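Student: Heads up: the sequence lines are chains A and B, in that order. Numbering (our numbering) for the first sequence: 1 to 465. Numbering (our numbering) for the second sequence: 1 to 465.
Accuracy of the hints is not assured; some may be wrong.
One copy or any two copies: either way a pair holds, since identical chains are not told apart in the list.
Cross-link-like lysine to any residue pairs, in silico, SDA-like; alpha carbons within 20 angstroms at most [claimed, not checked]:
#1 K361 / E274
#2 K436 / N63
#3 K436 / A52
#4 K401 / A374
#5 K332 / F265
#6 K401 / Y428
#7 K436 / R179
#8 K332 / E16
#9 K401 / A339
#10 K436 / E209
#11 K436 / D24
#12 K157 / R291
#13 K436 / A53
#14 K436 / S174
#15 K157 / R217
#16 K436 / P449
#17 K436 / G175
It should be emphasised that the hints constitute simulated quantities derived from the structure, not laboratory data. Just so you know, these numbers come straight off a predicted model, no measurement behind them.
2 protein chains.
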Amino acid sequence: VTVTTDIADRLATAVEAAHVLVGDAIGEDYTHDEALTVAGRRPAAVVRPGAAAEVAAVLRIANEAGVPVTARGSATGLSGACVPVEGGIVVSFERMNRVLEIDTENHVAVVEPGVTLQQLDEITAQHDLVYPVFPGEYSASIGGNVATNAGGMRAVKYGVTRHQVLGLEAVLASGETIRTGGKFVKATTGYDLTQLIIGSEGTLALVTEATLKLYPRLRHQATVLAPFPSLDPITHAIPRIVDSGIGPLILEYIDMMTMSATTAFVGLDLGIPETIREQALAYLVVMMENRHEDRLEEDVAQLADQLAELGAMDVYVLPAAAAGQLIDAREKSFWVAKANNADDIFDIVVPRAAIPEFMTKVTELASENASWIAGCGHAGDGNVHLSIFQSDPDVRAHVSKEMFRIGMALGGAISGEHGIGEAKKPYYLALEDPVKVDLMRRIKGAFDPNGILNPGTIFDSGDPA
Amino acid sequence: VTVTTDIADRLATAVEAAHVLVGDAIGEDYTHDEALTVAGRRPAAVVRPGAAAEVAAVLRIANEAGVPVTARGSATGLSGACVPVEGGIVVSFERMNRVLEIDTENHVAVVEPGVTLQQLDEITAQHDLVYPVFPGEYSASIGGNVATNAGGMRAVKYGVTRHQVLGLEAVLASGETIRTGGKFVKATTGYDLTQLIIGSEGTLALVTEATLKLYPRLRHQATVLAPFPSLDPITHAIPRIVDSGIGPLILEYIDMMTMSATTAFVGLDLGIPETIREQALAYLVVMMENRHEDRLEEDVAQLADQLAELGAMDVYVLPAAAAGQLIDAREKSFWVAKANNADDIFDIVVPRAAIPEFMTKVTELASENASWIAGCGHAGDGNVHLSIFQSDPDVRAHVSKEMFRIGMALGGAISGEHGIGEAKKPYYLALEDPVKVDLMRRIKGAFDPNGILNPGTIFDSGDPA
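Work the whole structure out from these sequences, hints included.
Tutor: Now the structure itself:
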């Protein structure tokens, strides 16, 4: 499939000619996302619509001609879900970047898909409100967050993107535009199309507007760091911390190697004594927030006592600057992995109590295959971020597939927040129940009968190259 | 379509013969739910499966024969979504009522669909945990709650059923059984089938198991009642209470007539002076919970000050017994409406800041049509429960449709938590975007190509009678 001159001309009737890029005008940035294992590809055309009606016009043209369409936000994704199809059209949302409304009466924001998390955070801060999803990359766009159901460290308190999106405007492959949901948390009025589109990685519809839930921005934050002799007591501590009712904002574990690489990467000295550093195989990071400083201090003291009882080697309440650096560094763990030449990265999710068993089995698996796997994870929600070091692609594919199989056998799923995209499609197709895959294909057909939206992604057997 | 003797015989191969009821063995209870406007109908057979495999066997038989199937929980629904199809099969989940697991490490419950909210509440209480959705009817089943995405008063803090269901086991019309989600809050691993099935009112699949999120049960609760001169200042107070960060569990408004009828219904005297009762046209009820008694008291004091500033005529902190009675009475508002001979009830949802405009317009509409509409609502989430008194069915249909049109024009939806079922289908089909209805029909076809699951419901044009 290729975009002929004729279609490029037609696209220029849908979107201002200056925003239809072809040939050398298409910058290298448009050819890839951040996935380590999906090579970039050049699309035949990039269009930069300025409004939903232009998106609809582009899709009508593409659908009629059967040309593949890939939606693109900030392209910070890690699974290749916005790598273009050769000869296809990229719809880049960079110009649809307006915050349309901050509604302080209903506590919602209405935004275009190209709005970045940073942009939204700056505007909501002016109203003492917060959009609480921080997947670790502030340049990520809301449209991309919706497509991948982005998560991040704060999910243990606030949930993920899915829990914040109250409504969408979206364009179907046919060019028809629908509105779903609204400024309310409750509705049982037909099937929940909002939730179905979230996390569908651009395969069901192109999102042109999102209505997002906002929360009061709590003023006071504290971060506690606790070294442990191993991962096991950390995992046992998590449910007891949840039971305590302090309602942590962040509950992360970082293994020794990752802690060492991460702090070195950003030049951070946490002041942990050498003797402890030598014995600590894993660290727990707990961040809390409160609107009352005295309640926060009381909760920190309660947590410190509890952590000591639960086997922490020591408990450090980090100064604000060091805490900020540690969280930033943790958010950059993908870049640390990349800088350390990790061959691939994963974000499998398992029931949080199963993390130690999962890690024990995965470490054995890696060792049996002369590979190395290390990482950190959202201990509060079972989402484990791992880097694999194994340059042989066949061995790596074997280890990866077995790792996913171990996670799924423990009741987990292949991706907690990055998505399947193109990078994990072979594993997904090999391990998922074929009854579910067939059902998803029929749902895909209900939205996009000609299969023009992001072919080759998740379960689609089409070859995107 | 009728269930022939042959099919009844085949059903007895799927489910123990003692649990296949036909003819006079089918009690009157199986013929209806609690909807005021949907007449009961007799099914040809009622089956009471004891396990998912039996449900699957029943669906295989029904699908092959093209016989309609209606799933039934406790039948406390208010939209006729579990009223049987004449000649069809009712799958009643009363025997699948086991709590399979209370997992205190992952904070989840795994339950069969026939488990009631009361049953789950008693078991979780033993672990100091809570399943926080209380739609007001403790005899309701989890399966029914999932089918209607049940909400209730605590949604302003905890969200609705959709936000608590982490995974499902469900049987498709074909008899194939799938498992979705798991013991985790994060996943981007294919389309979210869990969320699609929730709220689909038995039209996509029959749920045979649900994995539910549990929370720490907070020990201390307080209830504040504030009379206001009208609804308008209550609505303006809501976002400011949310901004304050006290995180209310319940934020309800009750209009004067409903307060009077409700308290009379349960014989409750709240001790509000006559002079205030005469002037108060609306009441705000705020319930809070905390694990620390001192923090709760501090929050109550802060709220009382804030309410006085926001125009409350007075602020009453209710004694625990009276508070319990008031909340119980509010939960019984449907029965109050029924006892007062309401002709129909609605649970429209609008953006919460739009409640006064909605009520003003609806009151005008009712008055223009010699009808009377009164009610109360979940002020924190925009879900308004109204009773209409108008015995002429044509006038009532006109007023109802216009009321929904007003709510939708304000950005609302027809049902916040009861569902569309059969009762609201004509309004839904008249007012919903036909592009969305067509899309939902295609999704329905992807799950249930022969249309055997709950025909005649939501948007289905099939005649269930």
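Student: Each hint should be assessed against the structure and marked as holding or not.
Tutor: How the hints compare with the structure:
1. K361 / E274: neither (29 angstroms within a copy, 71 angstroms between copies)
2. K436 / N63: between (26 angstroms within a copy, 19 angstroms between copies)
3. K436 / A52: between (32 angstroms within a copy, 17 angstroms between copies)
4. K401 / A374: For K401 and A374, only the intra-copy Cα distance (16 angstroms) is at most 20 angstroms; the inter-copy one is 60 angstroms.
5. K332 / F265: within (9 angstroms within a copy, 60 angstroms between copies)
6. K401 / Y428: Within one copy only: 9 angstroms inside a chain, 46 angstroms across chains, cut-off 20 angstroms.
7. K436 / R179: between (27 angstroms within a copy, 9 angstroms between copies)
8. K332 / E16: neither (37 angstroms within a copy, 58 angstroms between copies)
9. K401 / A339: This pair counts as neither: shortest intra-copy Cα distance 24 angstroms, inter-copy 61 angstroms.
10. K436 / E209: Classified as between: cross-chain Cα gap 17 angstroms, same-chain 29 angstroms, threshold 20 angstroms.
11. K436 / D24: neither (42 angstroms within a copy, 40 angstroms between copies)
12. K157 / R291: both (15 angstroms within a copy, 17 angstroms between copies)
13. K436 / A53: between (34 angstroms within a copy, 18 angstroms between copies)
14. K436 / S174: This pair counts as between: shortest inter-copy Cα distance 13 angstroms, intra-copy 25 angstroms.
15. K157 / R217: both (13 angstroms within a copy, 16 angstroms between copies)
16. K436 / P449: both (18 angstroms within a copy, 15 angstroms between copies)
17. K436 / G175: between (27 angstroms within a copy, 13 angstroms between copies)
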